[in-house]
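Undergrad: Protein chains in written order, with this note's numbering: chain D, 1 to 327; chain C, 1 to 327; chain W, 1 to 327; chain R, 1 to 327.
Worth flagging that the hints you see were computed from the coordinates, not collected in a lab.
Take the hints with a grain of salt, since some may be wrong.
Put simply, identical chains are the same to the list, so a pair is met inside one copy or across any two.
[To be verified] With a cut-off of at most 30 Å between alpha-carbon atoms, the simulated DSS-like pairs for lysine-lysine come out as follows:
# : residue 1 : residue 2
1 : Lys195    : Lys221
2 : Lys321    : Lys73
3 : Lys293    : Lys181
4 : Lys248    : Lys50
5 : Lys73     : Lys221
6 : Lys321    : Lys50
7 : Lys50     : Lys318
Residue-level listing of the chains:
4 protein chains.
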Amino acid sequence: MADNEQVMNATGEPLVIKPSDLDRDLGFGSVVSSRRNIRLLNRDGSFNVKVVNGPAWDHLISYHTLLTISWTKFYLLFGAGYLVLNAIFAGLYMLCGPDALTGPSIGTPFARSFFFSVDTFATIGYGNVSPGNVAANILVTLESMMGLLMFAIGTGLIFARFSRPTADILYSRFAVIGPYKNGIDAFKFRIVNRKQSQLVNVDAVVTHSRFEQGPTGLERKFFQLALERNRVVFFPLNWTVVHPIDEKSPLNGWTPDMLRAGEAEFYISLTAVDETFAQTVHSRSSYTMDDVKCGENYRMMYEAVDGEFVLDLDLLDKTEKAVGSRK
Amino acid sequence: MADNEQVMNATGEPLVIKPSDLDRDLGFGSVVSSRRNIRLLNRDGSFNVKVVNGPAWDHLISYHTLLTISWTKFYLLFGAGYLVLNAIFAGLYMLCGPDALTGPSIGTPFARSFFFSVDTFATIGYGNVSPGNVAANILVTLESMMGLLMFAIGTGLIFARFSRPTADILYSRFAVIGPYKNGIDAFKFRIVNRKQSQLVNVDAVVTHSRFEQGPTGLERKFFQLALERNRVVFFPLNWTVVHPIDEKSPLNGWTPDMLRAGEAEFYISLTAVDETFAQTVHSRSSYTMDDVKCGENYRMMYEAVDGEFVLDLDLLDKTEKAVGSRK
Amino acid sequence: MADNEQVMNATGEPLVIKPSDLDRDLGFGSVVSSRRNIRLLNRDGSFNVKVVNGPAWDHLISYHTLLTISWTKFYLLFGAGYLVLNAIFAGLYMLCGPDALTGPSIGTPFARSFFFSVDTFATIGYGNVSPGNVAANILVTLESMMGLLMFAIGTGLIFARFSRPTADILYSRFAVIGPYKNGIDAFKFRIVNRKQSQLVNVDAVVTHSRFEQGPTGLERKFFQLALERNRVVFFPLNWTVVHPIDEKSPLNGWTPDMLRAGEAEFYISLTAVDETFAQTVHSRSSYTMDDVKCGENYRMMYEAVDGEFVLDLDLLDKTEKAVGSRK
Amino acid sequence: MADNEQVMNATGEPLVIKPSDLDRDLGFGSVVSSRRNIRLLNRDGSFNVKVVNGPAWDHLISYHTLLTISWTKFYLLFGAGYLVLNAIFAGLYMLCGPDALTGPSIGTPFARSFFFSVDTFATIGYGNVSPGNVAANILVTLESMMGLLMFAIGTGLIFARFSRPTADILYSRFAVIGPYKNGIDAFKFRIVNRKQSQLVNVDAVVTHSRFEQGPTGLERKFFQLALERNRVVFFPLNWTVVHPIDEKSPLNGWTPDMLRAGEAEFYISLTAVDETFAQTVHSRSSYTMDDVKCGENYRMMYEAVDGEFVLDLDLLDKTEKAVGSRK
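Please take these sequences and the hints and turn them into a complete structure.
TA: Right, dumping it as structure tokens:
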């Protein structure tokens, strides 16, 4: 890509990128461009960046964490928080004196306080145990308020997790460099939508970086790879994203060994519209040369069976020796 | 459409599609293009694709299912889940020993356990029956936690269903091929907004496929049909989407019988902005030749009555013999 | 506007409208164009269209209604529903026999049943009155389930009302046709944002219709009016939207009396981004000649006072006799 | 910027702004342009505008306020509201007569009423105290309804606060005018994303205003500053936004003292997409000449350490004497 080229950016708008500026336009600065042996984008799409001296509460459980941890962890956290809060209130009720709670004893005094707290926090209120003095009643007022608040926050969080626009796109474990057509090779990877919700207007942008000899030593250079197609309108099956390695390709003349020596990295940035919520979703990943198989192509993932198409997700990573590969 | 044509895609951006690539740009690959007697898009807008070997939980009730089933099914599922969970807890309370619950007996011991569980799960807590030992109290702690969680999830789901952007667009049962103007015919179908919420900036894209003789046998070919207009700004009445069959039309010279033999299919893709939530909504449908009436036109659906326009949804499917039809 | 003109449409995309198609592109068909004495767009921005034979539930309270009625009506409806549901359950409890409820009598038997139902529906559960037989307990199970469901729906609705993107844009009561510059007049109206939330990127589209003599009699013609500016980036003060009546204006040479005779109507369509929720909001209105003052201009609405700008909403509708008006 | 220039506006659409219209297109009118010693945009991005005669409820706590106050204030308000409402209901229960509440006395009669109200409002319902007459039961009906409603509103508000798209972008305390390349200076400021959620497609628009001698006296003139780049695709590190002061720059030939005398102001408008919610977020700020350091440049904020990049937020405001500054 020796000259400027009009490409579609991740949101589908035309974006003119001057190759010499690609490193900065991507938001990676000069330090990034000169350091070796350091990956920019991790395989899972996160950036290889650690922030220090951020707000103190980032060290505790943040909203972002509560949104992005797995459901299992979320429920465990919810359960632990529920038990801890009730234990704290149980302790406080015990400080309110012997007449704080009236009713039959259940297990130890702490157990009685704890179960009374659950009774209150969850707004059950059996009344078998009830608050007996003013201090306990003040605590009940506080705990009920807190219970309502926590529950409202929990409901909000659960819904926020539900409605968060996420693309569950599976990337093939390996990219391939294999024969294309007219005797040239192509860089390819394959994606599939794992969710039941349809994705439409799927856009792909593939950026390639490698170290090359520059005026002041080795420099990380960035190239946007021209794709056979940047967008598919529907995505009910798989999509093999293809960059043909023609004469204008920055990969032209680079052997796998040269790319490996140059710490080549391929950044994938996808956007799509999730139909169920009409939300724009983003997905990122990256391949290094350790994730590229040369001289292979993907096997078909789907077949027409009994009047419908059957897509087998287990075949996503299946490649086969390509016939006529030059590599 | 013998040459490239700048069309508006579903989100209103200009999109240049090379006809030879239309099959792939739509996300249907080469297998799709060569298999006969298999529909690509179902009448209700879903794709004719089955996914196998997906995540195991897809076989159970998924989030996507909970969002997209009807309200009746959703409520039934909610009620069934409520009863089952309470029955499970009722069983567990019975395992806690004879002193687990104190208070008068109501029906059978299981009934008492069950109603106590409801009392707890719903956080009512009458207290006529109350937990009598530590084991029962631990169960209560667990059940209250679960009750709050389930309720939060239920609230989240209900709101997610409410706020899901859906276009309730009615398509006329039949498309028509009937006389247009200047002596040519047109392919037409008619849509109307069934929801009370206004739709604005409604965009339509119509794609046509049929089998034609290619170099390696019969091949499914794709054509985007040029429309009289791709967008209407307001949509308070009906919209008859019209593709004039002029010399440049891929339908030019194709009789209904030829289209039928070629397994012609017409894919409709609509996008619009729902004003109530300012959300972009999508709608898809398809017509095969079994859904096309030739030589007919639509009857008017609305009239001016007493100073306002009256739109009669019952007339959506009404067609009449067209005067001057060539078919 | 005798020739085509590239304008920005309501979502900011360039849109080429052929004047002869304006009537249809707006979504108003040929009947609309030929009927006299019938307004297309009401002053409050709603369409003058009634739908018949729609889904039956549209006659009852629909989701759309629950979202768009005023908060006062919403709360009254909520309260009425709460009382009615509890009254129904009160009746059902009375059908469960004399031993359905245990505990002291409160007022009439119906009152006791009613208050017990409230106790249950709201999941309070004092336990002063409690269910005494299996039938009553089954009802309690049903009512608690329904209570949770209703509450979840209520919460969902309230949040949906909160989060609904609405533009509370005030339009000046009257548009004006008054002196502009270089000796020509302009059609103007003035808007202001009544909400505390900032609006940015406000786009305006003004369309004008009137009856003119056509080949087959009087026809409603549509014209898009070129504006001095289509967009303001920020909207902290007022915005006077201006259409200069130059030689290319469709209003050029039309006196107020001619416009009135032609049933002239001016349709305003605004879109903007609400900053608080980053949502795109829509607003529509229309002016007929009864809403246009000729030979007047607007008075200033804001002044710089003590280092800040003070915007007085009471001055929105204030006009004054214009100097040098030709009308 | 003596001639028109195609720039990207805040939403990434190309926007042609005629310099002479910049003052009005930004939404600031003629009064704004002629008043001196008055800032247009405050440092925190709010407009320096006060609205009078708005709706009466704006003086009370509005939805906008409840969304935008800090979480601490929000919780305090919630707590205060909870206590006040219960105190009101406590008073009402006392008006219902001596037999309104049955059960043991707890502290004063008001305390008993208050704690009973909490018991009801939070739907706990211990039953140690219960309503004894019809009037008290009617109050309970009302309070339970209100409790459910308030809780639903609270949940809605909390979620609305959670899901509100906010950009927590930190701006460097000072902008700098320092050496760029090829012997020219540049106006720069530096931003960083303080949130854990990634921002993508970050767009910047910088507008500059100053007073200049016009035909009718001093006038505020507006200029959009051309940037080295208007957008970065990813934003995991910092971004130094750069306006090179070349011959076409409106800052060319203006010394810091001249700018200070002209009450120069620099308006920053950023938009970006928050990946966690796929929402477009806005951020604004402004610099006056008191916020600009001349002859300085920013120090690096990040380093490559042990195979990852470490970004130190404490270094955001760190500048250093620039070598070769002409100022």
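Undergrad: All hints are to be evaluated individually against the structure, with a verdict given for each.
TA: Hint-by-hint comparison with the structure:
1. With identical chains, the CA atoms of lysine 195 and lysine 221 are at most 30 Å apart between copies only, with a shortest distance of 29 Å across copies and 35 Å within one.
2. In this homomeric assembly, lysine 321 and lysine 73 never come within 30 Å of each other (Cα to Cα): the closest approach is 42 Å inside a single copy and 49 Å across copies.
3. In this assembly of identical chains, lysine 293 and lysine 181 lie within 30 Å of each other by CA distance solely inside one copy; the values are 18 Å within and 43 Å between copies.
4. Taking the shortest Cα distances, lysine 248 and lysine 50 never come within 30 Å of each other, neither inside one copy (37 Å) nor across copies (39 Å).
5. Taking the shortest alpha-carbon separations for lysine 73 and lysine 221, neither the intra-copy value of 40 Å nor the inter-copy value of 50 Å comes in at or below 30 Å.
6. In this assembly of identical chains, the alpha carbons of lysine 321 and lysine 50 lie at most 30 Å apart only when taken from different copies (28 Å versus 40 Å within one copy).
7. With identical chains, the CA atoms of lysine 50 and lysine 318 are at most 30 Å apart between copies only, with a shortest distance of 19 Å across copies and 35 Å within one.
Consistency with the previously given hints fails for numbers 2, 4, 5, ordered from lowest to highest.
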